[in-house]
Amino acid sequence: MLAALGICGGSAQAGLFDFLESKLAGPPRVYETAAQVEPPSGPAIVPPPAVEAESEQPPLPAVPDEPVPSAPMLAPAPAIELYPNVSYDDRDEMHPYAEPVIVAVPDPSSVKHPFYWLVGDAPCNNDCVQPMAYVEICIPPNCPVPQPSVRHNGRKYVYDFGKYSVEVKLERGGIEVEYDD
418 MLAALGICGG SAQAGLFDFL ESKLAGPPRV YETAAQVEPP SGPAIVPPPA VEAESEQPPL
478 PAVPDEPVPS APMLAPAPAI ELYPNVSYDD RDEMHPYAEP VIVAVPDPSS VKHPFYWLVG
538 DAPCNNDCVQ PMAYVEICIP PNCPVPQPSV RHNGRKYVYD FGKYSVEVKL ERGGIEVEYD
598 D
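Going left to right, the sequence shown walks through residues 418 to 598 as the numbering used here numbers them.
FYI, nobody ran anything at the bench for these hints, they're computed from the structure.
Hints should not be assumed to be uniformly reliable.
To be verified - Subject to a maximum C-alpha distance of 25 Å in a straight line, what follows is the list of computed DMTMM-like cross-link-like pairs (lysine to aspartate or glutamate):
no., residue 1, residue 2
1, 573, 553
2, 580, 516
3, 586, 498
4, 573, 593
5, 586, 597
The model shown is predicted, which means the values in this text are computed figures rather than measured ones.
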């Protein structure tokens, strides 16, 4: 078989295949098995003493034969209902890679007007809980939401991010979100 391969190749290949054929055609080699090998004479090699792992590490728990149920899943959080009447101004001035975030502001119907005695809004006593409205705003990426600065008697909330800012204005009947750069 090797001679047939040597015919197809060049002169250098033919010489290589002739050499291999002569080596394979010779007497078979005898390899010693483990029973025939004698251990070397000389000092015996002693393995190092075994370190007890029990004193350093606690034993591993037994593997159960039956499948173990996973931890109980938590119920998903209820969906936050966004305030329905929101208008957005100057969207072209927000950060180009802005991320949406939901913020809570007082419900516009619950915030008293600065001139409540003129427009007919009754002031809220200190015991009432102010209802909140949830609004989606877009903030620069990788920025935490700062505490807003409250202006105009609690009717304007400004979130300042340095170069960019978001103003949330509470108006009668709705909320206006304005972006500034």
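To see whether the hints hold, each was checked on the structure:
1. 573 <-> 553: Cα-Cα ~16 Å, so holds.
2. 580 <-> 516: Measuring from Cα to Cα gives roughly 16 Å; hence the hint holds.
3. 586 <-> 498: Roughly 19 Å between the alpha carbons, so the hint for residue 586 and residue 498 holds.
4. 573 <-> 593: Holds - the C-alpha atoms of residue 593 and residue 573 are around 9 Å apart, at most 25 Å.
5. 586 <-> 597: holds (13 Å)
Consistency with the previously given hints is maintained throughout, with no hint failing.
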